[in-house]
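> Sequence:
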Amino acid sequence: DVRMDFRNLKTFEVVASFMSFNRAAEVLHCAQSTVSAQISLLERDLGVPVFERLGRRIALTPAGEELLHRVRRMLSYEHEIRAAVQGAGDSVGLISLRVPQSVAELHMPRILERFCADHPRVGFDIQNCGYFHLSEELRTGEIDAGFLLSMPLDSADLCCTEVYTEPLAYVASPSSGLANREGLTLEDLAGHTLILPKHDCAYRMMLQQDIAEAGIETAALMEMNSIGAVVESVKAGIGVSMLPEATVAAEIKEGRLVKLRWHTNPATSLYFIRHRDKPVVGAFGDFVALVDEYFAGLRGHGGACDGRKSSSTGCRS
Numbered sequence: 126d127v128r129m130d131f132r133n134l135k136t137f138e139v140v141a142s143f144m145s146f147n148r149a150a151e152v153l154h155c156a157q158s159t160v161s162a163q164i165s166l167l168e169r170d171l172g173v174p175v176f177e178r179l180g181r182r183i184a185l186t187p188a189g190e191e192l193l194h195r196v197r198r199m200l201s202y203e204h205e206i207r208a209a210v211q212g213a214g215d216s217v218g219l220i221s222l223r224v225p226q227s228v229a230e231l232h233m234p235r236i237l238e239r240f241c242a243d244h245p246r247v248g249f250d251i252q253n254c255g256y257f258h259l260s261e262e263l264r265t266g267e268i269d270a271g272f273l274l275s276m277p278l279d280s281a282d283l284c285c286t287e288v289y290t291e292p293l294a295y296v297a298s299p300s301s302g303l304a305n306r307e308g309l310t311l312e313d314l315a316g317h318t319l320i321l322p323k324h325d326c327a328y329r330m331m332l333q334q335d336i337a338e339a340g341i342e343t344a345a346l347m348e349m350n351s352i353g354a355v356v357e358s359v360k361a362g363i364g365v366s367m368l369p370e371a372t373v374a375a376e377i378k379e380g381r382l383v384k385l386r387w388h389t390n391p392a393t394s395l396y397f398i399r400h401r402d403k404p405v406v407g408a409f410g411d412f413v414a415l416v417d418e419y420f421a422g423l424r425g426h427g428g429a430c431d432g433r434k435s436s437s438t439g440c441r442s
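Numbering (the numbering used here) for the sequence shown: 126 to 442.
Rather than coming from a laboratory, the hints here were simulated on the basis of the structure.
This list has only true hints and no planted wrong ones.
Pairwise CB distance ranges, derived in the manner of DEER restraints:
(1) K323 x A374: 20 to 26 Å
(2) R401 x G248: 23 to 29 Å
(3) C155 x P187: 26 to 32 Å
Here are the simulated lysine-lysine pairs, BS3-like style, with alpha carbons at most 25 Å apart:
(4) K323 x K360
(5) K378 x K360
(6) K384 x K323
(7) K384 x K360
For each residue, glycine too, the CB sits at the ideal point set by N, CA and C.
Kindly produce the complete structure, drawing on both the sequences and the hints.
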């Protein structure tokens, strides 16, 4: 009976980091045959291959990618346990987050700059927003916290705090027929291609829902993995987009994009979400406090959000 061996999991993480059995053997100070044997035992235990052998190269299988994410979380807990038991003075570990792409670009670098100055040994695993799986990932502890744009998660076991209001802008190329028109509404998007970021959460889904409910027929819908790709496509005159205004402020200022004259001032709420039962202590507690401090500072400089908590959760970050 083969049982999952912690040593084999650590060996797998090293091999996956270097994508090389030979390099892993050097790092682990053992023979390459030992590394290969440990990976074989791991694959036998799991019942699936974790590496594809491509001649002299290797690559992670889908199962291997999933395993790597979880093993790195497990190893971060090991570091936290050792630090706590040994009384280490500085925090160690890994904080795993789900973050919309625009939030990752606009806000996370500033938050991380401040946080890492005081916590140099704490790592981060930051993935794209996953609205439909976020609740379960928080409940299982797969992630520590997440940000959502537009819609909170209505669940009693989650703390869901509105931290900021992000202004949105409909944008088009200066050559677009919409560029010089006043008081535009959703109906004016009929016949135009809509270009949207694939991983920017609920405000995008709500726009698509509003368009569908209004019976508006756009020429086409394009979803892209990168906000940068969306911006470049709109600049090329391919279509129209709606994005957080701060992500396109420079292009608008320089005349490479036009902010369409919409009939309202669209905006979306930004929520910070964590599980109610997750202890807000140590490095994670410091991160939560910094998120609150950072967005409070933005609100103090003209943000529209008052920082109120979601009525569905009964708790604050």
